[in-house]
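> Sequence:
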Amino acid sequence: MASTTEDTCQLEKFIVTEQEEAANAVSFPASSGEDSTFQEVEEVKMTIKAWSYGFSFWIIPVFSAIESEVAVKVGIVSISDVTWWMPLYLFCNASSQILFASNSDLFGRRWFLIVGNILVFTGLLVIGAGVNTKMIMAGCVIQGIGAGLAQLAAFALPELLPNRLRHVGIVISDIGTWLDVVLGPVAGRYAIRHGDQWRWLFYGPAIGVAGIVATLYLVYYPPKHPRGIPWHQAIKNLDYGGAMLYSIGGSLVFSGIVQTTTIPASDPKVFGTLVSGFGVLVAFALYEHFMPLRAALTPPHIFAKDKGREFTFPFIAGTISNMGYFATNVAFLTQVEVFWTSPTSSLSYTLAIILPQNLGLPLGQVFVGLFGSKIRHWRTQYFVAIFLSVLFGTLLALGTKHNMALMMVFSFLCQFGFGYQVPLSMTFLQFGAPQTELGVSGGLAGGGKWTGAWLASSIYTTVLSNSLRNESKHKVPAAAIKAGLPAADVPALMIALNQGSDALEKVPHMTGSILAAARNSLFDSYTIAIRNVCLCSLGFGVVCLIAICLCQDITPKMTPKTEVFLENDINAEKNKYH
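Quick note: the UniProt record's numbering has the sequence shown finishing at residue 578, numbered continuously throughout.
Certain hints may be false.
[Stated by the list, open to error] Pairs of lysine-lysine, DSS-like flavour, derived with a Cα cap of 27 Å:
no., residue 1, residue 2
1, 224, 576
2, 224, 574
3, 506, 482
4, 224, 236
5, 506, 475
6, 236, 576
7, 269, 475
8, 224, 561
9, 506, 73
10, 73, 134
11, 574, 401
12, 482, 401
13, 506, 473
14, 574, 561
15, 475, 401
Keep in mind that the hints were calculated from the coordinates and are not lab data.
Given the sequences, and given the hints that come with them, work out the whole structure.
Right, here's the structure in full:
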């Protein structure tokens with residue numbers, strides 16, 4: 001009993017201290033770590049080898065390139081099954097970060113990263129061995145949960161570097177994603193043409209992840225108690241109620257949004273799922289705000305600091321900014337598939353068209369890593385990067401069959417701006433909370449990022465499919481009838497449109513002029529559908545730009561101080577908590 005009372009008094013004293021620190025101004029106090037720059041070169045090399053962000057992101061560019069082909073390989077039963085693959089990964093990733101990242105402030109980062117990579121390893125094996133769509137869905141769930149934990153590297157690595165290089169640490173942790181976005185689509189498109197070789201797109205990375213798990217286990221020893229709270233006390237303080245409410249509400253909203261890709265949004269099933277889900281999320285928000293929680297998933301004081309300028313507005317901007325990547329993928333890759341290539345196009349030709357877009361993101365991150373500290377004016381850099389991404393992403397709405405080169409330039413510039421802003425977005429968010437709550441801010445940042453991703457994936461896909469359906473059902477029949485097709489054959493034409501050229505040629509009374517008219521009207525329908533996607537992304541982009549203007553400048557926080565050292569480092573004694 002006396003021990004419990006002592007622990008409680010110690011915890012209450014700690015909470016008061018943390019709340020006082022959270023209420024302080026933007027500057028971080030100097031400490032014994034301030035004179036430190038980098039840790040020993042060899043240790044940094046080992047740490048960089050251990051980071052696992054890239055492998056956990058791998059399935060996104062791969063499935064973006066060959067998702068439908070993989071579905072055919074494993075025997076697709078229903079198109080609705082495939083529409084769940086990427087959203088499942090993205091939602092599980094976001095939820096994993098929100099639910100578990102904050103707990104790394106209590107129990108240390110080490111085992112969260114190790115377990116996360118074990119789950120990524122398992123998910124890759126399950127997808128690679130998939131014999132049906134359900135099995136691949138299961139793999140996406142496992143992979144998503146593991147990825148959310150593995151991607152704690154986005155703040156677990158930067159905290160080992162001086163604050164002034166926080167953005168560089170994020171760039172380093174993202175290096176693996178550069179290979180993903182450049183090599184993933186290329187490897188995917190080649191492998192899918194050679195029988196079951198596509199399975200090695202997942203078996204190969206799984207082998208790499210196994211090496212990462214071993215390396216993490218051997219060399220990564222961060223502090224076990226980042227907040228200085230004993231584990232037995234931390235377990236009692238976990239936000240069990242918040243985790244339950246978020247899991248239920250988030251799952252319902254996620255299900256409702258994904259369902260809109262296959263059934264009308266007005267369907268009672270969709271409406272009921274969304275309403276109940278948002279209702280539970282409102283209950284979650286109220287619970288987090290009013291309950292006296294000691295380890296809340298979303299601590300109110302973080303969102304309230306400086307009237308939201310320190311964390312809330314960066315959180316809004318970070319959530320929305322990630323949606324631009326998926327808008328460009330939907331718009332530009334649809335243009336490539338529909339306007340500029342055909343089933344007979346060579347693979348090298350297709351890859352040459354998409355290469356500039358794939359290079360934009362890594363080049364943007366390289367530029368901010370090299371020149372960000374020289375330019376300074378961090379908020380201005382953030383605004384300009386998002387402005388470029390929004391501007392050129394919206395200009396993809398001008399795409400037609402006849403301006404491929406211009407659209408390639410626009411897609412590159414859009415992705416360059418997106419890549420430039422990613423480290424800045426994460427830096428703003430990580431500086432929105434004290435070091436002892438970095439897991440909270442990092443988890444919310446990652447959760448917001450991937451929530452924006454699965455929202456974007458679902459919203460833009462829905463906009464594209466609904467717009468295309470609405471436009472084509474009017475334009476294609478009218479054009480075909482005008483070219484001489486009997487009205488009685490229009491239903492057969494509409495069915496054949498989704499089955500390729502061979503099916504179109506078998507439509508009764510089909511002629512070359514009718515076929516050309518139908519295809520041109522379908523191109524017009526795609527043009528309008530893609531335009532709607534781009535205009536939809538513009539609306540989100542404007543909100544993001546406004547949020548950036550309201551963010552607090554982070555220049556005073558870009559100090560030489562190093563916040564954390566590994567416990568197997570020569571500077572380990574400088575850690576406040578061990």
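> Would you pick out the hints that fail for this structure and give their numbers low to high?
7, 11
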